[in-house]
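K.L.:
Here is how the chains run, residue by residue.
Protein chains: 2
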Amino acid sequence: MASAVNKTAHPFTKANLEDLLLKRFFYAPAFEIYGGVAGLYDYGPPGSALQANIIAEWRKHFIIEEAMLELDTTIMTPEKVFVASGHVAKFADWMVKDTKTGEVLRADHLVKNVLNERLDRDKALQEAPADPKKKSKKEVIKPLEATVKEEYESILNRLDEYSGPQLGELMKKHAILNPGTGNEVGEPVEFNLMFASNIGPVGNNTGYLRPETAQGHFVNFSRLLEFNNGALPFASAQVGRSFRNEISPRNGLLRVREFTMAEVEHFVDAADKSHPRFKEVADVKLRFLRKEIQSAGKNDIIETTIGDAVSCGMVANETLGYFLARIYLFLTKIGIQPARLRFRQHMDKEMAHYACDCWDAEIHLSSGWVECVGCADRSAFDLTQHSKATGKSLVAQKPVDPPRIIHSTEPEWNRKELGLTFKKSSQEIMKKVEALPVEELEKIRAATDNEPYKLDLASGECIELSPKYVKIVDKTTKQTVEDFTPNVIEPSFGLGRILYALLEHSYWARETDIARGVLSLPALIAPIKVLIVPISSQESFKPIIQDIATKLRKAGISSRVDSSSVSIGRRYARNDELGTPFGITVDFASVSNGTVTLRERDTMDQRIGKVDEVISVVTDLLEGTCDWDAACGRVPAYSGVQAIEGA
Amino acid sequence: MASAVNKTAHPFTKANLEDLLLKRFFYAPAFEIYGGVAGLYDYGPPGSALQANIIAEWRKHFIIEEAMLELDTTIMTPEKVFVASGHVAKFADWMVKDTKTGEVLRADHLVKNVLNERLDRDKALQEAPADPKKKSKKEVIKPLEATVKEEYESILNRLDEYSGPQLGELMKKHAILNPGTGNEVGEPVEFNLMFASNIGPVGNNTGYLRPETAQGHFVNFSRLLEFNNGALPFASAQVGRSFRNEISPRNGLLRVREFTMAEVEHFVDAADKSHPRFKEVADVKLRFLRKEIQSAGKNDIIETTIGDAVSCGMVANETLGYFLARIYLFLTKIGIQPARLRFRQHMDKEMAHYACDCWDAEIHLSSGWVECVGCADRSAFDLTQHSKATGKSLVAQKPVDPPRIIHSTEPEWNRKELGLTFKKSSQEIMKKVEALPVEELEKIRAATDNEPYKLDLASGECIELSPKYVKIVDKTTKQTVEDFTPNVIEPSFGLGRILYALLEHSYWARETDIARGVLSLPALIAPIKVLIVPISSQESFKPIIQDIATKLRKAGISSRVDSSSVSIGRRYARNDELGTPFGITVDFASVSNGTVTLRERDTMDQRIGKVDEVISVVTDLLEGTCDWDAACGRVPAYSGVQAIEGA
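Residue numbers (our numbering), protein chains in the order written: chain A, 1 to 647; chain B, 1 to 647.
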């Protein structure tokens, strides 16, 4: 039986997690030896493996499960593409400059940080009123008035709705200064977030690094449609690097200038946004934060099934709803805590320029709620824009069923007679007549040789048309297909944010030792699945280690051997920090009896069994066909546990 | 028994392959609807899958097999990093401008193209002498003189050795003009190939897009070493995007501005470049083209084992040799033809600024030999440069065994007496004495209170030192570890070039039909492993298709259903173009008997069997535990083959 584990013995401390992540090289500031660059991070071996495992699971959950068409498009993009997509004009944030030092700050973040700090200080004051005897403080902090507090909270809840000039007004009204220097800041100005460069040796060909992978899908729409044999709906998918030249990135992996995204563009007929697999997810319960609630300055959650959310119109359509549920299932499968996940609808003024509805999957972290996945209905915006810019048709076809019967009244020419009589003017005559309204055509139909129809030409000449030259006939045509510009539903994943959220949700410290951090990452995505530890550097252990490593590799299980000279307890602890779910220890009994011990990360339980039996148990544990309790039934407890852990 | 297939019935035609690749969306010019951008390509679904499979195999062959430390570092890099690495100063090509149109051309490519064209024209002339009656040609082409031809060939073989000014002289000497316009070109000037941008909103922080992933490894060296518990040798590995702002890219995937690389940086002690696993590859035979041969203007190949190549000194050391063999094994495993693969050593002047030896794995294509993998010994260049630039120590430690005994002669101070007598001058005195040569220290040792040692201070004062203040003693220390800067061996893979080479080596056309292109990609890397085709759109086929698709997915086999309305023959042909090795056809016998047919791509053989048996055969074929001949023994021939293929 597994031991009970208290994962909440110590409150979460961000600094401890960050120490661990740096020490174990999950990630580190890029170019650290050069002093680093804000917003750029490198992933070390465990971070790279964790990211690769998340991507592999994402591919399975989305691309393979739904037979999506995968793409790999370029990052460097010529300017005209982002002019058409609206990014050159609108993909910008508002920044302000410190009036004295010239330091640049992002305007909305400045407001947020200062107001939050005032509220926090006020809260601290309520809980522990300032001691009036302590006169050393120059500034006496007064409690905030109730109306001021309410106003601050309302501003914070609606922050994404303010324009640049409105942010400027807020700063003046609430005397918001640069907290680093105490100086005033200037008026907010716009800064485009795309990195610019120049393509080729001649200096007039601006290129931008893409801020999202999406445009790479849209510009290839026709080829994708053809690959899919012309059938809609279909989805394309891409995992790749994108760039945003953030104004002053500060929050670790949460706001970076270069990041890996995973994006799906689901192309669908706007007239029918139902989804054939919607019923499979209809009962999934999600927590929603609607735009109306936020615009009222509140943040109340509605918890309901996606089926109900779509049928009551809160979520606009089945396809959008299907993806929200699939996003939820993906995030919780890889280890995000369901209670710390919500779907927040964008407010109208907050929406990106291309979107007509958008829900963010937000994950709760120590710093608050953070957007990790956006799920936008981009309508036909992008395809329409690129079609306009290039003159290329970006449409799909659908049957008109039943076929549309179209009645029309048209001139039928006797070109020979027309040419003989009117020579070079024939073309002009035909063009003019074909542009006439139906009532004029009826007059032509009624004309006779004696009473011809009179038509003025551009030259001023007036000619006469009789049935000899033209007859007016009624036509009936059947339209069986029609063109339409598909709409796009876009689930867009920021993998770095998800990765960091997973680390926060997985981190805890042993009851007995706050310094002993553990990452309880699900085995599915843990960077390394098994640690192999020889109890000492004994020569006779080496072939056994080799044998175990080879067998694990054959079973497709990633393992790592730690034969360093530190105590086995320290090696286990190092491994708990890496989130490795299982440890296999080789000791003298391995040589004499062929047994090894199996250690479970969270409980520190140790079991004992023959090598092949232990590998078989581990394989089943990793495939999810067996849990730790069941595993304990297959391999007996090892009695020397405490002695080893304490070493 | 399998049918015989003649894959060389038609000579290879590049245009046919390129048509196929575009039509099936392996890749296409990026931003095609905008007219495209030279040197940028997007991969469609089959290209993305092929690339993903090549990367997966690369990870297995290198990272997993050798327990390398994987990294994922940023593309955007601050200028100072590339100043230190030498790229800001030296990562450039020579370009020339058309003196009239301003068109920019790469200097070495211009020389190469013009001389090659002259040689080709001369060859054509030899084979079919110009008809003197045809006087329509303005210019009468004369055969090249033997010495001129020899000179051209020698220039072409040594092309990489010429500097920019030398290329300029060659152009003048051989009257090389812009072939597109017939105009003269100007003097060659250097153009740095890195894309530049600006990091952040303030305009003084130049960043470059990395032209290789390597620097991301080097700047993280200390963290990697720590992760590896301080032990050397170890290798880091990274798969990622890099950028080179090529002057005028023209050769499809062979010369692009954005590309995916896979790089290994193997850190090793320069004093011992032996490799523990070298013996495993010693018998692998490779084809070598040495630098001495090329510098003599020749291109003769030496074919020998890597064991011999290292022992005779042609390849500098075991580690370099080990990687050359591993590169060979990787490339041939994924489908590169061994006879069209050679290892070419860089000539001294051709070598990148950071390398001290380099061998390129070159693959023979319709356009000639193309570098696809570079394997360079970068020595300690990069770590030394970054250490100099940052003042950070980038070294590893190794034991000194037996420990080094170091004898030294040192002053031992009586600080109290010194301070009492000399006060503030004490520091200066100690510093001066410690810097004295041994013979002076011996004089101090010999000094007495009566005959003290005299020392001049900076102030001009002369002070006297006696044993009261300082004694000279002999010390013996034992040095057990020493620092060293590791060398780096770097195998660097251009994945786009390898992918294109694979497509050329896999392409052929059916004997009966030149238009019917087939890509005989190995099953290991084929984008899709199995095509599922229903013989018609019969409703009763649908559950069977669903069942087969689910079973294949469970077995980890990627499949695609083609239920489009075109004939089954056309669907098979489409699939041959996608390189899908196996086809499973669902027909009426599937409904009545539970049988399906299994088609092999190259032979077009068709077999018949129950669904589960066919899936089991396909699984074994894909795992390589069974070949087509053996498969034929398990499932009998299907008699309706010809009828179906001809449909």
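Please note that the accuracy of each hint is not assured.
[Claimed, not checked] In silico DSSO-like cross-links for lysine-lysine, where the CA-CA straight-line distance does not exceed 27 Å:
{"hint": "1", "chain 1": "B", "residue 1": "123", "chain 2": "A", "residue 2": "60"}
{"hint": "2", "chain 1": "B", "residue 1": "123", "chain 2": "B", "residue 2": "149"}
{"hint": "3", "chain 1": "A", "residue 1": "279", "chain 2": "B", "residue 2": "123"}
{"hint": "4", "chain 1": "A", "residue 1": "554", "chain 2": "B", "residue 2": "542"}
{"hint": "5", "chain 1": "B", "residue 1": "551", "chain 2": "A", "residue 2": "279"}
{"hint": "6", "chain 1": "B", "residue 1": "454", "chain 2": "B", "residue 2": "551"}
It should be emphasised that the hints constitute simulated quantities derived from the structure, not laboratory data.
K.L.:
Evaluate each hint against the coordinates.
P.N.:
Outcome of the hint check:
1. 123/B <-> 60/A: 55 Å, violated
2. 123/B <-> 149/B: Measuring from Cα to Cα gives roughly 10 Å; hence the hint holds.
3. 279/A <-> 123/B: 70 Å, violated
4. 554/A <-> 542/B: With Cα atoms ~36 Å apart, residue 554/A and residue 542/B exceed 27 Å; violated.
5. 551/B <-> 279/A: Holds - the C-alpha atoms of residue 279/A and residue 551/B are around 23 Å apart, at most 27 Å.
6. 454/B <-> 551/B: 95 Å, violated
In this structure, the hints that do not hold are numbers 1, 3, 4 and 6, in rising order.
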